[in-house]
Amino acid sequence: MLYRTVGQFKTSYHADHALFPVKQDAWLLGFILLIAFVVLPATANEFVFNALLIPVLVYALAALGLNILTGYAGQLSLGTGAFMGVGAYACYKLVTIFPELNIVVAIALSGFFSAAVGVAFGLPSLRIKGFYLAIATLAAQFFLVWLFEKWAWLYNYNSSGAIQVPNIDMFGLTVAGPNAKAVVQYYFVLCVVCLITWFAINITRGRIGRIWKSVRDMDIAAELVGINLMKAKLSAFAVSSYIVGVAGALFVFLWRGAAEPVLFDIPLSFRVLFIVIIGGMGSILGNYLGAVLIVALPVLISFVPGALGLPVSSAMVEHLNTMIVGATIIGFLILEPHGLARLWAIIREKLVIWPFPH
Amino acid sequence: MDFLNSILVKPFADMAGAPDFLLQVLWEGLVAGVLYALIALGFVLIYKSSRIFNFAQGIMVVFAALTLVGLHEKGVPALLAVPLTLLVMFILAVVIERVVLRPLVNQPDMILFMATIGITLFLVGFGEIIFGGENKVMITEQLYIPTGSIEFEPFGGFVSIEQKDVTAVVGAILLVAGLILFLNRSKMGRAIRALGDDHQAALSVGISLSTIWVLVWFIAGVIALVTGIVWGARAGVSFALEVIAFKALPVLMLGGLESVLGAIVGGLAIGILEKLFEIYWGQPLLGGNTETWFAFVFALIVLLFRPQGLFGERIIERV
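Protein chains in written order, with UniProt numbering: chain A, 1 to 358; chain B, 1 to 319.
Treat each hint with caution, since some may be false.
[Claimed, not checked] Covered stretches of chain A (in silico footprint by chain B; criterion: 3 or more residues with CB under 8 Å from a CB of chain B, positions within the stretch not fixed): (1) 314 to 325; (2) 330 to 337; (3) 340 to 347.
[Stated by the list, open to error] Taking lysine to any residue pairs in the SDA-like style, the calculated list, with each CA pair at most 20 Å apart, reads: (4) A/129 / B/314; (5) A/150 / B/289; (6) A/213 / A/223; (7) A/181 / A/191; (8) A/150 / B/283; (9) A/129 / A/257; (10) A/231 / A/216; (11) A/213 / B/111; (12) A/150 / B/147; (13) A/129 / B/109; (14) A/129 / B/289.
[As the list claims (entries may be wrong)] Incomplete in silico selection of chain A near chain B, CB under 10 Å: (15) 70; (16) 134; (17) 136; (18) 153.
For the record, the hints were derived by calculation from the structure and aren't laboratory data.
Each residue gets a CB set at the ideal place from its N, CA and C atoms; glycine is no exception.
From just these sequences and the hints, can you work out the full model?
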């Protein structure tokens, strides 16, 4: 009933291929944006911003980057965490070398460093495929994290070996650093995420996106119809690493405030991969759904024992958390291997034809 | 020139200058390599028979070792604890097959790989709740593993070899020999290889997929227990052991995902080379701790020349 498509006639192919062929989709998106831009900032407190809203956005952005590589271009990567690290360290160096540089410009530029590293580590994908490539990306993961630790220039030779975000102002507002307000940071991240999502939606719908998909589905066939595999794979690595790098810069500058090399180690890569898998590979929406689940689940679990009045130690909660996340992943894979995005697609289809079964 | 000298000449001069130290380094590398090979073997067995890239092999090592030590702490005699641990690993194999793998038959490789990461997380949480997160000591003496060291003096130098390392190497050789005999001679072993060659053909001649999967996961569990005992005897039993699972991945790349021989050769090669690199190049020139990435980078370079690894099946692609 809510999704009745009766009367929405298409008179051209162009209209049929529009971003929102059904009007209700556009309304729904508008409604979600309204909540994200107006309702949530007005109602959320500091804890909700820092534990839920900003992490969801940052992780969703990182997952979006990985999804372009894995879900659209079919190149499995386990090195996302390290590429986020490249973005973060590049941004840190830019901000400390050029203190008067606008933070938006610094973050946008830091993505290019990550993209360059991504392309370099993407080169083996021209020869190596499947799980061999996945393990090859682990080379990037371990090498880069080692480099973050050993190359003192990256963290300006400070004794802690960690990077500290200084206070950064933009148009008179502190957006990053210890003095920044969470709501300002939230708006900043939200704007960046919306912008990049808009860019990603359009790039994946267009010519480049179709090239990626054909490489994913069968790269030899794609090559035979005249697609330049090298260009296709490397462009996927570049775009993906760019987005992941920006997510990494946001991760440290707008959320964590400080970072040490361990932060970018393999668990981070896996967390982003979980979001992609649970959300749905080859779907933009899936990244957000997956990020909400993966970020919110631990927070919720940590509240359950307190709410039930059970005396459970924090270490126990953490272990339970790991267990439940593992079980959830298995459960989701069994119930819906194509992820939450497919689940939404099924629900939407049912809503469109409701109350009829077919 | 000075730089080239420090990369190309000095390390080899060091090696030739102190051959006893070199021997010691080679032995340490060899022992590490044997352990990498054992873990890689667990991966290969499961990959061969089911095309599942089993990420959980590393945590199975930890889990098996923790169960063994935990049972012993509860007062079970060591020699009884071993078969009990094997029983636990068998139950684990059955549960994994029933709960995780059976509903996921015929899904893409990627999904099954993710499921094994799910298993990993579950076992980490489960293991920490039951056994606690702290480091435990492997029950080396109770299992009659000798702990002394053998010392001898080649080239007028001094080399010390720990007896438990010798036990590890001998144990690994026995395990591999037994495994190869099992795979080549027994009916079940042949069924495993048949399944590895062609799923549908194997099913059509009456090989039961679920039985073989349980069997393969159980064998992987046995390998995990052996690995856990020998590695635990060297470094103690804790969840830090899980990182050695990552060490097995470049071994797999190097040796090829389907090859038992590749896992062994790759494991030994990587164990020795990463030790040599760390001692002679890593520590003097790069600030050390290069063992975290050397194996991966090395395997990556080899793979650029042989995309299927040294012993992997040739990748033939058809449209």
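Taking the hints in turn, this is what the structure says about them:
Residues of the stretch 314 to 325 of chain A lying with their CB closer than 8 Å to a CB of chain B number 9, which satisfies the three-residue condition for coverage. Counting residues of the stretch 330 to 337 of chain A whose CB lies closer than 8 Å to any CB of chain B gives 4, so the stated coverage by that chain holds, three being the minimum. Beta-carbon proximity to chain B at under 8 Å applies to 0 residues in the stretch 340 to 347 of chain A; the threshold of 3 is not reached and the given coverage is violated. For the suggested pair residue 129 of chain A and residue 314 of chain B, the alpha carbons sit about 13 Å apart, so the restraint of at most 20 Å is met.
A C-alpha spacing of about 9 Å is found between residue 150 of chain A and residue 289 of chain B, which places the hinted pair at or below 20 Å, so the restraint holds. For the hint pairing residue 213 of chain A with residue 223 of chain A, the CA-to-CA distance comes to about 12 Å; that is within 20 Å, so the pair holds. A hinted pair counts as satisfied when its Cα atoms are at most 20 Å apart, and residue 181 of chain A with residue 191 of chain A qualifies at roughly 16 Å. This hinted pair checks out: residue 150 of chain A and residue 283 of chain B have alpha carbons roughly 12 Å apart, not beyond 20 Å.
With a CA separation close to 37 Å, the supplied pair residue 129 of chain A and residue 257 of chain A exceeds the 20 Å bound. The suggested pairing of residue 231 of chain A with residue 216 of chain A holds, with an alpha-carbon distance near 14 Å, which does not exceed 20 Å. The straight-line distance between the Cα atoms of residue 213 of chain A and residue 111 of chain B is roughly 18 Å, inside the 20 Å bound, and the hint therefore holds. Restraint check for residue 150 of chain A and residue 147 of chain B: not satisfied, since their Cα atoms lie roughly 36 Å apart, outside the 20 Å limit.
At most 20 Å may separate the alpha-carbon atoms for a hinted pair to count; residue 129 of chain A and residue 109 of chain B meet this at roughly 13 Å. A C-alpha spacing of about 29 Å is found between residue 129 of chain A and residue 289 of chain B, which places the hinted pair above 20 Å, so the restraint is violated. Taking 10 Å as the C-beta cut-off, the interface hint given for residue 70 of chain A holds, the closest approach to chain B being about 8 Å. For residue 134 of chain A, the interface hint holds, since its Cβ comes within 10 Å of a Cβ in chain B; the closest pair sits about 8 Å apart.
A distance limit of 10 Å between C-beta atoms decides the matter here; for residue 136 of chain A the minimum to chain B is near 5 Å, and the interface restraint holds. Taking 10 Å as the C-beta contact cut-off toward chain B, the hint placing residue 153 of chain A at the interface is violated, the least distance being around 13 Å.
Checked against the numbered hints above, the structure violates hints 3, 9, 12, 14 and 18; every other hint is satisfied.
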